[in-house]
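Line order of the protein sequences matches chains X and A. Heads up, the first sequence is in the working numbering, so the first residue is 1 and it goes up one at a time. Heads up, the second sequence is in the working numbering, so the first residue is 576 and it goes up one at a time.
It should be emphasised that the hints constitute simulated quantities derived from the structure, not laboratory data. All values reported here derive from a predicted model rather than from experimental measurement. Ideal placement from N, C-alpha and C gives every residue a C-beta, glycine not left out. There's no promise every hint is true.
[Claimed, not checked] Heads up, incomplete: computed chain A residues facing chain X, CB under 10 angstroms, no partners named: (1) H591; (2) A592; (3) R593; (4) K600; (5) A604; (6) S606; (7) L614; (8) T615; (9) P620; (10) K624; (11) L627; (12) S631; (13) I632; (14) I634; (15) G665.
[Said to hold, decoys possible] What follows is a list of derived Cβ distance ranges for each label pair: (16) A:K600 <-> X:A217: 43 to 51 angstroms; (17) A:T580 <-> X:E350: 26 to 34 angstroms; (18) A:T580 <-> X:S346: 15 to 23 angstroms; (19) A:K600 <-> X:R173: 30 to 38 angstroms; (20) X:E148 <-> A:G617: 17 to 25 angstroms; (21) A:N637 <-> X:T541: 26 to 34 angstroms; (22) X:Y564 <-> A:T580: 35 to 43 angstroms.
[To be verified] From the derived model, a few chain A residues whose C-beta atoms are all more than 10 angstroms from chain X: (23) D588; (24) D650; (25) E654.
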Amino acid sequence: MSERRIRGIAASPGIAIGPVYRYEPLLITVEVEAGQDVATELARLEAALAAARQEIRLLAEEAGRAVGPKEAAIFSAHELFLQDPELLQQVQGRIRQQQSAASAWQAGFQHYIHQLQAVQNEYLQARVLDLEDVAQRVLRHLTGQAEESWQLSEPAVIVAHELTPSAIVRCPREQVLAFCTAQGGPTSHVAILARALGVPAVVGLGEELAGVRSGQAVIVDGERGLVIAEPEAEALARYRRQAQRLQRRARQAEEDRQQPACTRDGRCYPVRANVQTPEEVAAVRTCGAEGIGLLRTEFLFLERRQAPSEEEQREIYRALIEAVQPAPVVFRTFDIGGDKPVPYLSLPRESNPFLGLRGVRLGLQRPPLLRTQLRALLRAGAGRELRILFPMVSSYEEVEALRRLVQEVEQELRQQGQELAERVELGIMIEVPAAALLVDVLAEVVDFFSLGTNDLTQYVLAADRTNESTASLADPFHPAVLRLLQLTVEAAHRCQRRVEICGELASEPLALPLLLGLGIDELSMVPRAVPRCKEAIRRWTLQEAQQVTREALHLRTAAEVRSYLHTCSPDEAAS
Amino acid sequence: MAASTEVVVAYRDGLHARPATLLAKTAAAFSSTITIENLTQGSKPVNAKSPLTVLSIGIQRNDRLRIAADGEDEDEAVETIARLIADNFGEAEEAEQQEQVSNE
């Protein structure tokens, strides 16, 4: 056999090289058969359901430990499927008509699987796997078969037609080099879980994957969505080098994460963390971030019956400040709009919440809410420097009104003899193109700018990034977005104002030379992206980054920008 | 006398496992019989208390649903379920922190 290349969908990044382990669980099917007496079969069903429930609970705990609560939630749904009243009624009905519990269960569940398979929606169709997972689990107990076991004697690449959530949670993770599946898309469980576990994965490889056998050597390229079976010496050598480089780089990034992030020509950058719940604060220090570059305060306002009191807010803000001091916290005032349910605000439904009453638009329309938050912030910052960031600004008047509000609150607190922040810096998010174009004007009334590239991208390109059919258009590497960023940074710097970036773009190593080249002063991102970003900064010189940026700004499309950036990583050329 | 109302689904990926089970769980708390009818797809009314049914009828974004209830607490049931759907199943925007792990 010779080298075969199979293309799929890149679902989780990284490179893996190793022997294949084919996971082929036995699919249990039973004949339609008569049961013993009805009472016995009903009791068997009860016992199998109880055993399955017990297993699912254990899996949920395991998943919570291994990948986090959000991914574990899928197993709560599995548990509820076991109790489905309509399903149980059907299955019990069949048993009463003398069917065995196993064949009644299989027939009852098949109905839902067939129905879901017929739905014309890729995302929903992918959920068939959940139903099969649950159906098989109960069937296994009813037929007295043991759970499929993983028999990995050495680290291996898992190859399967598809993988159920429970198969992934149960696999010996320390032995898994990568996952490859014939089925599945970027939103399948295997994709989500592989990313959470930090294991490379390629999905949607199709029928060709069936020809890949246990024990064969394989290369998994989770960057490009490529699997190479029985690779020849040349490909193997190339990928070994790349894998080593990635590993070395990741190790280096982890080791040096507490070191400053300075370019080779000596320009150092504060790299901070984005935080959206107080629980994440522990990660700020451990990931090597210098404080919090974006604290989303929405967690205090959502999913509750009443607005949080000034005192409750003050205590939480103070605790955050103390947790990361002397490094700063940039507090962003609540960014709530019609797309988020807030019972105590009774916001009208909007047909277009992203263009609606959100961020400071809401805050200025309902001053008591914003006033309370500002009072809490100013008091929490007592004796220190405080940074406040306002979201969704689109005009000069808004910033003036916000400044006035801050001044009023300050005065009020002084009169009441409250201790408050020594110095307050006010910043605004640059998310709306209007604000980006007005930076020189807005600079009169703000101290710093923070680039919210996610929203800015969707507003510049008029493409909803939560809409499946337009999400791919909302590409931050689009030259129009980059040019607007350039305009923003240049104008801000002419007015001696600092520019931070807190959008997703900050955590993309591919974008890093652009961010440095454009002249961004500070970066903030999800904590786990911090070590790698700092490591990437250390590989560049500012001059190289500026050169790359000049070239990139002249390209025509997002695709051209991306492929150009792929060719100009500084040590890619060196090795 | 039965109560009913119509509501349009804004949930972005369609009603997958989590929202479907949440809807069924919410419905199960009422004593009334509760049904969901997908007007957009022209399906028959189905039992809203069954998570498997709610999931497998494949409710998608922008589908118009009719929620109907019959029983002692029918008004409250219809209102609660319609609000759950209108409030996007209590899910805050989570797009911003999505996985972004590209590698050069």
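Now for the hints, and whether the structure bears them out:
1. Checking A:H591 against chain X: minimum C-beta separation of about 5 angstroms stays under 10 angstroms; hint holds.
2. For the restraint placing A:A592 at the interface with chain X, the shortest Cβ-Cβ distance is roughly 4 angstroms, inside the 10 angstroms limit, so the hint holds.
3. Here the hint on A:R593 is kept, as its CB sits about 6 angstroms from the closest CB of chain X, short of 10 angstroms.
4. Look at A:K600: its Cβ gets to within about 7 angstroms of chain X, closer than 10 angstroms, so that hint holds up.
5. For the restraint placing A:A604 at the interface with chain X, the shortest Cβ-Cβ distance is roughly 13 angstroms, beyond the 10 angstroms limit, so the hint is violated.
6. The closest approach between the C-beta of A:S606 and any C-beta of chain X is roughly 13 angstroms, which is over the 10 angstroms cut-off, so the hint fails.
7. Interface hint at A:L614: violated, since its Cβ lies 16 angstroms from the closest Cβ of chain X, which is beyond the 10 angstroms cut-off.
8. For A:T615, the interface hint is violated, the least distance from its beta-carbon to any beta-carbon of chain X being 12 angstroms, above 10 angstroms.
9. Residue-level restraint check for A:P620 is violated (minimum Cβ-Cβ distance to chain X is 13 angstroms; threshold 10 angstroms).
10. For A:K624, the suggested interface contact is upheld, since its CB lies about 6 angstroms from the closest CB of chain X, less than 10 angstroms.
11. Hint status for A:L627: holds, given a least beta-carbon distance of 5 angstroms to chain X, under 10 angstroms.
12. Interface hint at A:S631: satisfied, since its Cβ lies 4 angstroms from the closest Cβ of chain X, which is below the 10 angstroms cut-off.
13. Hint status for A:I632: holds, given a least beta-carbon distance of 7 angstroms to chain X, under 10 angstroms.
14. This hint holds: A:I634 has a C-beta 8 angstroms from the nearest C-beta of chain X, less than the 10 angstroms allowed.
15. The beta carbon of A:G665 is positioned within 10 angstroms of a beta carbon in chain X (closest approach about 6 angstroms), and the interface hint is therefore held.
16. Roughly 48 angstroms separates the CB atoms of A:K600 and X:A217, a value that falls within the hinted 43 to 51 angstroms.
17. Checked against the hint of 26 to 34 angstroms, the C-beta distance between A:T580 and X:E350 comes to roughly 20 angstroms, which is inconsistent with it.
18. In this structure, A:T580 and X:S346 meet the distance hint of 15 to 23 angstroms, their C-beta atoms being roughly 18 angstroms apart.
19. Checking the proposed 30 to 38 angstroms range against A:K600 and X:R173 shows it holds: the Cβ atoms sit about 31 angstroms from each other.
20. Separated by about 41 angstroms at the C-beta atoms, X:E148 and A:G617 break the suggested range of 17 to 25 angstroms.
21. Separation of A:N637 from X:T541 is about 50 angstroms and departs from the stated range, judged on CB atoms against 26 to 34 angstroms.
22. Here the CB-CB span from X:Y564 to A:T580 is close to 54 angstroms, at odds with the stated 35 to 43 angstroms.
23. With a minimum CB-CB distance of about 5 angstroms to chain X, A:D588 fails to clear the 10 angstroms threshold, and the non-interface call is violated.
24. The claim that A:D650 is not at the interface with chain X holds, since no C-beta of that chain comes within 10 angstroms of its own (minimum 19 angstroms).
25. For A:E654, the non-interface assignment is confirmed: its Cβ lies about 14 angstroms from the closest Cβ of chain X, beyond the 10 angstroms cut-off.
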